[in-house]
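Colleague: Chain residues, written in single-letter form:
Number of protein chains: 2
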Amino acid sequence: MTLDAATIEIPATPGRAWCEDMDRADALAPMRDQFDLPDGMIYLDGNSLGAMPKAASARAQTVVTHEWGTDLIKSWNSAGWFDLPVRLGDKLAPLIGADAGEAIVCDSTSQNLFKVLSAAVAMRPDRSVLILEGSNFPTNNYIAEGVAAATSGRVSVRLCEKDEIADAIDENTVAVAITHVHYKSGHVHDMAAITARAHAAGALAIWDLCHSAGAMPVDLNRCNADFAVGCTYKYLNGGPGSPAFLFAAKRHQGQALQPVTGWWGHAAPFAFEPGYRPQPGLRQFLIGTQPILSMALVETGLDIHLQADMAAIRTKSMALTDLFIHLVEQRCAGHGFTLASPREAAERGSQVSFAHAEGYPIMRALIAAGVIGDFRAPDTVRFGFTPLYVGYADVWDAVDRLVTIMDQGVWKRPEHQERDAVT
Amino acid sequence: MTLDAATIEIPATPGRAWCEDMDRADALAPMRDQFDLPDGMIYLDGNSLGAMPKAASARAQTVVTHEWGTDLIKSWNSAGWFDLPVRLGDKLAPLIGADAGEAIVCDSTSQNLFKVLSAAVAMRPDRSVLILEGSNFPTNNYIAEGVAAATSGRVSVRLCEKDEIADAIDENTVAVAITHVHYKSGHVHDMAAITARAHAAGALAIWDLCHSAGAMPVDLNRCNADFAVGCTYKYLNGGPGSPAFLFAAKRHQGQALQPVTGWWGHAAPFAFEPGYRPQPGLRQFLIGTQPILSMALVETGLDIHLQADMAAIRTKSMALTDLFIHLVEQRCAGHGFTLASPREAAERGSQVSFAHAEGYPIMRALIAAGVIGDFRAPDTVRFGFTPLYVGYADVWDAVDRLVTIMDQGVWKRPEHQERDAVT
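Line order of the protein sequences matches chains A and W. Each residue of the first sequence is one higher than the one before, counting from 1 in our numbering. Each residue of the second sequence is one higher than the one before, counting from 1 in our numbering.
Incorrect hints may have been included.
[Unchecked claim] Here are the simulated lysine-lysine pairs, DSS-like style, with alpha carbons at most 27 Å apart:
#, chain 1, residue 1, chain 2, residue 2
1, W, Lys54, A, Lys54
2, W, Lys74, A, Lys412
3, A, Lys74, W, Lys74
4, A, Lys54, W, Lys74
Hints were generated in silico from the structure; no laboratory data involved.
Generate the whole structure from the sequences, applying the supplied hints.
Modeller: Below you can see the structure in the form of structure tokens.
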């Protein structure tokens, strides 16, 4: 999966000076100027909500005051609102190895997964099993349950763990629907191999790119993927809850139909025909009116990514995560952290997780100290490293603050024990 | 349906002076100051995209630069992002006759209709027919087709026209799903009577409030409605494509389950349980992450509506539409306009349509003259009257410009014949 990405060796005892040298030599470092981040904050949660592009504020103003406030209803044409899902999908396409006309920005990841899983079930009417990863972010498995339930018993969901997936695929498999990079551990699945294995058995391969799009090279068409979904608010910096994306390989368009048959997916949405007639291309995956303001901001994130070299992003990402693991294990030794991500950079996405029995208060103490990561139940502290705005010295400083928290027992303070509603 | 709304008599030959007097006496007139509308524009398309509240611009800036840019991931708690669908639903509730905890803001109208129709089909397992209005805005009927198709033949869709609906309801009816105010003609269905008829037959009543919420009194609970959906970007001024809403009567919550089983509808979304366990209340109708920026702006529209008296809105709405019909028929007599809306104000929503063979170029000419209405295929010019920002003199001036366009044949100019992609 490293795809032309070079490897940077981490010295045995990296100091802050080495980190500063690395930042000075980093060709991606200037990209940070395109993001607004609060002073002093080390943001290691771009894998949950990406930082704000500086251009987002002006773009929001344009959409609100000019496109909505002044041009009003005319903006459906003049500002291209109606075509935004397709236009943004075409901008996204090169970042995920898709061709123009194969990706579309719309709805949420859960909804898009519902569409492609439902389409897959209809495309393989003689088969009965959807294979997903049991430890995956649960919405995928919940959605698959719902899709299976709608078949009145024909289709069921089989949950496997990483090493069981290939063997589970057989002539009864409708599709494998796997998240490319695991949300918690960060392990990377071999997209080419699993897709090939699925196709050899006559099954479809569906990829969830939530934790890989924008963070590492993804090449859907080289891997011959059938469908993909993913979100734009993590590594793609689209804003809170910005609409997700959906990929459907050209060969399936017009063949694969999703069941939420709204007017935006109709062949002639403005003809107001009495019956539903599916649009023969990608737009059949649309349902209804899109949230234009949230969607428009997706573009400011994409525009930054299109300037960056994905191989350089991957090289830096592997180095940052290697450095972080190295420093935590070296400087927090004896404090009870166990690496919960693959040790080999090539097998990881752009994130690192550690298991710790007191992970929740430790993460709260870190956040209070300006190091923003997140906690995933029951015991995982998770850190995302976005090479566009995280540097080597940031990694040093983050670990330095963690060392203080652990050495001084800061995490034991009562204010760090409180649970938030959203964790 | 007039619900305490008084009737204002229109004089036989109303002049602009009478309109100006009416504006001066209008208690709602000051509400216009809360909206930004371009100088000189007469906006009669608030039934398609509502005008921008002045507060929207600052609210967008707060969400983008403060909640996203500065507080980042913490805003899921600190800015209440996760609870927005419920909090905004509770704000909306009094406008549609719902109680707190019965309305939720999320997704699109088409998606929400898919959810409630699917839930209804599951709640009436021994019944086989969904009844909708054939001439309705087509997405409703398309969505119903999709829901029926998913039942493998058990359920079918029956399309009726207005006067056939009551008689069509019988012991095979799953639900009637009717748009309260017709998108094109503006005719108002009798919500109480149709709901009672449905219940007498053991069927469910589902109401689409796209063209009534915010424009006229709606009392879902007084009518004993089961479910409702509607959009927030028309009369509720939520912004382009702002998320829609869904109403589920308390008695059905936990009983009615929708099939797109994403993590936001799970009983414990952050417990990351392996299997789907439906949230026992309204939140089961949520699927995945919501577009926060688009959703946040819904509040600026709702805040204005909560200051206004709905009976006063209805009284003025009926007067504006009566005046418009009167002036068009009087001053454009002989120009080929045929009223395509009910003549009785009590039977109309807040809109007026006229059929005209040259409706498309006439509407283009009107738009070029600063009177924004819209065209609905094949031959309807449609005008929405939002009492919060449209006055009596606006109606006079709009018709005055129409008179010029018709008398001088302005609509015949070549530039008005061009078709836009979005009409």
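Colleague: Now tell me if each hint is right for this structure.
Modeller: Quick rundown of the hints versus the structure:
1. W/Lys54 to A/Lys54: holds, 24 Å
2. W/Lys74 to A/Lys412: Status holds; Cα separation ~21 Å.
3. A/Lys74 to W/Lys74: Not OK: A/Lys74 and W/Lys74 at ~37 Å, beyond 27 Å, violated.
4. A/Lys54 to W/Lys74: holds, 19 Å
The structure shown violates just one earlier hint, number 3.
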